[in-house]
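Since chain L is already given, all that's left is putting chain G on it; use the hints.
Going down the list, the sequences are from chains L and G.
Note that our numbering has the first sequence beginning at 3, numbered continuously upward.
Note that our numbering has the second sequence beginning at 3, numbered continuously upward.
This list has only true hints and no planted wrong ones.
Note that identical chains are pooled: a pair holds if it fits in a single copy or bridges any two copies.
Quick list of in silico lysine-lysine cross-link-like pairs, DSS-like style, CA-CA up to 30 Å:
#1 Lys150 to Lys337
#2 Lys108 to Lys29
#3 Lys150 to Lys343
#4 Lys150 to Lys260
#5 Lys78 to Lys108
#6 Lys150 to Lys205
#7 Lys108 to Lys92
#8 Lys165 to Lys205
#9 Lys205 to Lys337
Quick caveat, the hints were computed from the structure, so don't treat them as lab data.
Just so you know, these numbers come straight off a predicted model, no measurement behind them.
2 protein chains.
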Amino acid sequence: MAQAIAAARLGAGLTYRNPLVGAVIVKNDRVLAVGHHVGFGHAHAEVDAYQHVTHPEDVIGSTMYVTLEPCSHYGKTPPCAHQLVRWGVKEVYVAQQDPNPLVGGKGIAYLREHGVQIHVGLMETVARQLNRAYNFYYEYQRPLVTVKVAQSLDGKLSLNDGKRTYLTDMVANADVDHLRATQQAILIGSQTAIDDDPRLLVKERVAYPPVRVLLDRRNRVSHTSRLWQTNEAPLWHFVTGKESTKGIEDKDTRRTFKTSEWSIDKVIQTLSDQGVQSVLVEGGAHIQDAFLRVGLVDQLIIYQVPEIFGGRSLASFASRADSMRMRFTPVTIEKCGNATKMAFIRPSLAADWGLD
Amino acid sequence: MAQAIAAARLGAGLTYRNPLVGAVIVKNDRVLAVGHHVGFGHAHAEVDAYQHVTHPEDVIGSTMYVTLEPCSHYGKTPPCAHQLVRWGVKEVYVAQQDPNPLVGGKGIAYLREHGVQIHVGLMETVARQLNRAYNFYYEYQRPLVTVKVAQSLDGKLSLNDGKRTYLTDMVANADVDHLRATQQAILIGSQTAIDDDPRLLVKERVAYPPVRVLLDRRNRVSHTSRLWQTNEAPLWHFVTGKESTKGIEDKDTRRTFKTSEWSIDKVIQTLSDQGVQSVLVEGGAHIQDAFLRVGLVDQLIIYQVPEIFGGRSLASFASRADSMRMRFTPVTIEKCGNATKMAFIRPSLAADWGLD
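Pulled out of the complex, with its shape left as it was, chain L reads as follows (with noise of 0.2 Å):
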């Protein structure tokens, strides 16, 4: 198992809202072949862990060690429960069973039913990290939010001169352009677009560049910001409108979502609903602590860059609201470039992710 789950990684940045999943054909206690879900609408792992096998007949009679559950519906492709009764495999091994409820138990009870010796949990915890929004959107039923704060030793996100504050070098930036690529979609607030400006657009090379999402219920930011002016990836722009809708397409990638009134509960209901599996909020403070007073920052992480600013600079989830206490979970903490990185969780998501 523990190789199907070293396999599932190399899917990583491929699969975008399926799951990594890594699976290993065993005959005689040798390995037949290893595979692993290799993109969004390409082979599962299994199918690909078959293709990789020399001779197919020494399948029959089999074992396979898969890190998630194998499907029962017909996707992208063949349900791949059916394919392993029909290629002879006996006896299978999975680590969790899937929770997305498409599949959930299914795939499970038609091996069981078609004569196939089942095995459930087997590294569930481990194989549980491949795909934590994944896990997350299912039985949440809602992304996994990642809030995101670069800022001073004094939890200061810019200085007050009107101008943009650059805090991390090119090493901590490279690494969040690495945290966005990972990210379904990525969250900023309209003073933030005005203030900052920001593309929002992903360096590295991804397959599904993650949708920006620009939260500007009183319609203040400009189409000439660049925001507006790029199209690498798609822009859904949430304004406050008489007349709903529901991701009205202005032109190629953008699209329109219009409400009478946007809280950031429905901002997240919505994105849900158009199967967003994970959020990084970017900013700014306001919308920061707009996030943490409903209780919708699931994992928090902080770049903080040994620098103090003082005075009256805008310190990082400031508001004028009544200030709170919520606690977080330490994950972990390391150099990067010129910043600390930290990462936090939500103290009920540490059995999730194995923490605890």
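Relative to the frame of chain L, chain G by itself:
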């Protein structure tokens, strides 16, 4: 010399304004004795080592390794340089010349004039770290200023509910107590004295508890405060007044410092005049920012707890002044109870601290 440096550390917490010093007497490749400065007003390292020699006549023709230049002036003890000559020491290795102008170079000159072979600079960088504040005080003619901050992940010092916010747990508090115990003074502003009503006493048993400095320009702090009501450590009260007074002793350990206007520079100058070699600035936000603004943050120690306060909670180093950008050099980062403890220094100190 490494052995002398290790010996020097045995005096930690006992030498007060005197430096930590270690000495080793060697003859024919054998260690005759090891000594250290055992405490303020007690034997210097050289004398302590001599007292540990079994046969004093063995010292004739010996070599001494001493971490700091032997003294040449009559203070609380007779000058060591004179003693070394009298004992017949033939050769002396000194790690660091004494930065104290009363001694600086004179001990070395005395030994050289009296026919002792002398070598200066062996393991100097390491030896200098024994006495960072002592060296700083004589080299920069003012105390080493350490600003200590306990804050949330978003850089907040306290909630805005008017009550004291406790951030750090027992383990981190014990570390803060030890930090205080290594300082000659602890400084707070009147607002912190009023809001938190701290005692600023050190729980760790120390020979010389740090002076508690209360910067209370408008004389706002009540005499019923815990700071006022405790006398286990000196309390120096800095208030604005028409006549200037330097340390009128009110009662036991309490002194009042008055002048027409107290700037941060003037406060530090006054502490310097009083011989204070190290000051720990404990807050609040305005005081932190005031020290930052005049460039008087030599060392910065942050205890950051894994919580977010958000909203209008009070940010560290916050004031109404313009924001600025002050860079620091990271020194250490470690887990400390519920906090991450991070130490930084002014970049120009990196060489002095052996960090470049």
